[in-house]
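In case you want the letters, here they are:
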Amino acid sequence: MTLLVAFLAITINFLIPRAMPGDPIEQQLSQLSATSGGNVGDIQAMVKAYRERFGLDKPLWRQYLNYLSDVARGDWGYSLTNYPERVSDVLRAGLPWTLALLGTATLLSFSIGTLLGGLLAWPGSSRWVHVLGVPVILLSAVPYFILGILLMFAFALSFPLLPVAGGYPFGFTPAWNWATVGYMALHAVLPAMSIILASIGTWAIAMRGMVISVRGEDYILLAEAKGLSARRVFLAYGLRNALLPQLTHLALTLSHIVSGAILVEVIFAYPGIGYRLYQAIHAKDYFVIQGIVLLLSVSIAFTMLLMDLLYPLIDPRIRPGRQNK
Amino acid sequence: MPTRAALQRILPRRGVAVSRETPGTWRRAGAAMASEPMLASGLLLLLLVGLFAMLGPLVINTELAQIGAAPPRQRPGAEHWLGTDVQGRDIFAALVLATPQTLKIGLFAGVMGLGLGCILGLLAGYFGGWTDTVVRTLADVVMTIPGIAVLVLVATNVRSMTVALMAVIVAGLAWMYPTRTIRAQTLSMRERPYVDIARLNGMGGLQLVFTEIFPNLLPYIAASFVTAVSSAMLATIGLEALGLGPQNEFTLGMMIFWAQYYGAILRNLWWWWLPPVAMMALIFIALLLTSTGMDRLVNRRLRVEA
Amino acid sequence: MEQPLLDVRGLHVEFPTARGPARAVDGVSFRLNRGMRLGLVGESGSGKSTTVLALMQLIKAPGRIGGGEAWLAGDNLLAMNTAQMRQARFSRIALVPQGAMNSLNPVLTVRAQIDDLLDAHGQKPDPAQRLQHVAGLLQRVGLPETVADQYPHQLSGGMKQRVCIAIAIALSPQVILADEPTSALDVIVQKQVMQTLIHAQKEIGAAIVLVGHDMGLMAQFAHVVGVMYAGRLVEIAPVRDIFANPRHPYTRMLISSLPSFATRKVFRGIPGVAPSIVNPPSGCAFHPRCPKAEERCSREVPAEDVLSDAHRVRCHFARVGGAATAATAQAGTTP
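So the protein sequences, as listed, match chains A, B and C.
Just so you know, we're using this note's numbering here: the first sequence kicks off at 21 and counts up by one.
Just so you know, we're using this note's numbering here: the second sequence kicks off at 3 and counts up by one.
Just so you know, we're using this note's numbering here: the third sequence kicks off at -15 and counts up by one.
Bear in mind the hints are in silico, worked out from the structure with no lab data behind them.
Quantities reported herein were computed from a predicted structural model and do not represent experimental measurements.
No residue lacks a Cβ here, since even glycine has one placed at the ideal position from N, Cα and C.
Check before you lean on any hint, since a few could be wrong.
Partial list, computed: chain A residues near chain C (C-beta under 8 Å) [unchecked claim]:
#: 1; residue: D109
#: 2; residue: A120
#: 3; residue: E237
#: 4; residue: K246
#: 5; residue: L248
#: 6; residue: L255
#: 7; residue: Y257
#: 8; residue: P336
#: 9; residue: R337
So the derived label-pair ranges between C-beta atoms look like this [to be verified]:
#: 10; chain 1: B; residue 1: G130; chain 2: A; residue 2: D328; range: 22 to 28 Å
#: 11; chain 1: A; residue 1: I232; chain 2: C; residue 2: E279; range: 33 to 39 Å
#: 12; chain 1: A; residue 1: P155; chain 2: C; residue 2: I182; range: 38 to 44 Å
#: 13; chain 1: A; residue 1: R339; chain 2: B; residue 2: L49; range: 21 to 27 Å
#: 14; chain 1: C; residue 1: R283; chain 2: B; residue 2: A31; range: 41 to 47 Å
#: 15; chain 1: B; residue 1: A36; chain 2: A; residue 2: G144; range: 42 to 48 Å
The calculated EDC-like cross-link candidates involving lysine to aspartate or glutamate, where the alpha carbons are at most 20 Å apart (straight line), are [to be verified]:
#: 16; chain 1: C; residue 1: K44; chain 2: A; residue 2: D328
#: 17; chain 1: B; residue 1: K106; chain 2: B; residue 2: E251
#: 18; chain 1: C; residue 1: K44; chain 2: A; residue 2: E244
#: 19; chain 1: C; residue 1: K44; chain 2: A; residue 2: D238
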C-alpha cells in the first residue's frame, strides 16, 4: 500500500506539470531573465543541462523512466532561484526544523488530547476536565495558522515574550551545536503552541467518542465487578482499547496535520520545509516545489507504514500468530 | 409471493415501527433544534454570517474596497469602521466583498465534493468487489498525499486562478471523507431486510441503490455536507494564505495573505488582519458546532429507532 | 434451619423513563444456603440479570436500587459504600458474566487479568506464590497452564467461559453469581462448563445463583428454582417440587414447553409477548397471557402465598388444582 502511494505520488508529481499547457522550464527562465536580469550565459547552460538530463525532446514514457531513476538516485534537481543550490540541499536544510516542530507538536497534542478525550468520556472525572474541554474543542475548529496569528500578536508583539518569527536571530548561522538547538526551541514555542492548541480538541473529540463506545463493552463490566480501582479500569481496560482506532485516526489525518503545519511555518517564517515551499512558490522555483511536494507525500506514506507496524504492539489481535484453539 | 404493497404494509420502513401520525416537517425541525443547542447555535451563527455576506454590499459602498479609495493605514474610526490597509482600501468594504466569495467557494466545493463522494460511496458500498476496491484505494491514496501539496502543485501550474477554478480544485480534496462515510453506511444498509425484499421483488442494482438506500442516507449526507464544506473552506483558505488564490478577487484568505505579505502583523496594523481572521474563526466555529450538533442528532435518532 | 448465607429481602431496582420509573426488579426475596445452587429462570427482560447485578451494586445510572436488603454473612451488600463494595467484590461475592466472549479484555493476557484481580485485593504478592496460584486456578477449571499467557482471542468460547469461572473463584468467594454462563455455547461445551462450575463450587464451598432461561438446564443443575416474570419472583421451590407440582400458570407453561421424548405433540409456546416494564399490566403482570386469568387478576397484585416450607408462589389460584393438574400440564394438554 505504501509503495503504491509513493509510486502514485511520484507519478502525479510527474504528470501534473506536463499536463498543464506551456513548458515549465521556459516559463521559469523567461520570468527569471525578466525579473532578475540574471547572467544569461549561466541560465542558458542550465537550460541545456536540463534539456539533456530530462530529455524533454524524448517521448513521454522515456522521460518518466528517467524521472523515476533520478528520484531514486536522489537527484531531485536544482533550485532555480538559488542555483547552484540543489533541491536536496534545500530539503536537508529545512527538514530538521520541520521535524522538530511537527514531531514535538504532534506528539504533545496527541497525548494530551487523547488523555483529555478519555477523561471527558469517563464518569467521575474531575469537573476541571470538562471546563477545560470546552475552549479546547472550540479552538479545534480554527485552522492552526489563524491561531498562530493570534498567538503571535498576543505573545510576541503586544507582550514581547517570545520571538516573533524566524528560527534564529539575525546574523546567526545555524549549525549542529547547542546554541542552534536552543534557538530552535525558543523559536518553535509559538508555532508549536499554535499547532498544539488548535489540534488537541480534535483528538479529544475523537477519543471521547471511542471511549464512550468502549465503556459499553462487557469487559468493562467485569473489570468493575472484579473490584479494580477506577484508575486501572480507565487506563488498562478503557483507554487501551480505544487507543487503536485513535491511532488509525492519527494515520489518516497525518496529511491534514502536515498541511496545517506548513501554513504555521509560513506565518512565523520558521525555516522549515513549509516555509521553503512558500518561498519557492513565490519565486516560482518550480523544481523546489516539486521536490518538497514529493518529499511530503512520500514521507507521509512511510510514516503510515511505520504506524502500521506499530499496531501489533498495541493490539495483540493483530499479531500474526499462534492461534491454538 | 405477496405484493410489494402488502409487504410494505407489514414490514416497517427504515427499521422503525412508525406510529400512524408523524408530526409535520417544521415541527420536527423545531424539535431537532430544541434538543440540540449546538446545532441551533451553529446554524444561527452561519445565518448571521450569511446575512452579513448578502446584505453587506447593499449597505456599504463597495467602491471603497478599491486601491487608493481612501488614505492608507488609517486606524478604525468613524469614516472607515475598520480602517484602511497599506494600499488605501477600506477594510470593512473589503470584508463585505470577501466574505461572500469565500462562502461561495466553500459551498460550491463542498457540494461538488459531497456529490462525488455520495456517488462513489454508494457505488462502492453497494456493488462491492472491484468497484469497492478501486474506490477505496483511490480515496486512501488521495487522503495520504497532503492535500495542500497537491493543491499547491496544481495551483502553481495554473496561469491565473479564479474563484470557480479554485472551487473545482478544492473539491478534489473534499470528497474522500463523505465517500468513506457513505460507503460504510451503504455497506450496513445493504444487509437490511427491506433491501432484500426489494431485491427479491426484482429491483435492479442502480434502481435499488437510489430508491431504497439513498433516502435512508439523507441524515448522513446532511452531516457529511457540513464536514465537506468545512474541509473545503480550510483547503481554500490554506491555499490563499500561501498566495495561490485568485489574485484579483477578494476572499478572506487573500486578505490575510496580503496582510501578511505587507507585514501587517509586524507593523501592528491589527485592523487589517484581525477582521478576516475573526470572520474565519467565526465561520469555522459555526461549522464545527453545526456538524457536531448534526452528528449527535443523527446518532440519537438512530439510537431511538434501533 | 441453618442461618442463610445470602438473604435477599425485597429487592427493588428501577430505571427512570419519560413515563415514570420502570420497575426492573420488583420486591424480589430469596435465601441462599451454603453449597446451595439457586436457578433463576425467566424470559428476556424478566429482571433476572438485573437482580444479580444489583447484588454487586453494578447497576449503572440512570438505573438505581430503589430499596431492599441483601445480607451476606452479617453485612448488607446494598448498604455498602464504594470502598467496602470494591473490597467485597469477588472476595466475598463474585460474578461469572453473561457473554464471556466479550467479558475479557482483548489487549491483556489471561494472566494479567487474573493478576490485576489479585493485586486489587492485595492477595499473594509473592511472585512464586502468585504463579502457583494462577496455575492452580486454571487447573481447577480444567485448563492447561499455557492458557495464562494467551490472549482472549486465541481461546475458544468454552475456554473463555472457564477462564471467567477461574477468575470468579480466584479469591474463594462465598457466593458466585453466574449470569447465563452457557447461553452462547453448544450443548457439549455447555455440559463441560456446568460441570466445571459445580466442581469449582464444591472445592471452595460457595453458593451459586445461576441465571438462565433454560428450564432443562435448571432441572439438572439447581437445588432450588426461582421463576421470574416482569421483575417479580412468581414462584420459588426446590427443583423436584417445581417440576412435580408447579403452582404458577407461567411455571406450568414453561415446563410444558420443554420438549420430551414421552410426548410426540406440537410444541407449545407461551402465547403473547413479554410485558413492558415501563408500562406493565395492572394487577398480576401475567394476566394478559394467563389461561386461568379472571377479573380479579387484572386488579390485584397477588401476594406471596407460602405453600410449604420452601415453596412460595404469587398467584391468586395457587392452591387450586392439584398434582393431576401438573401431570396433565406436562403431558401437553390444556390445564
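**OP:** Just pull the numbers of the violated hints for me, sorted ascending.
**Re:** 1, 2, 6, 11, 12, 13, 15 and 16
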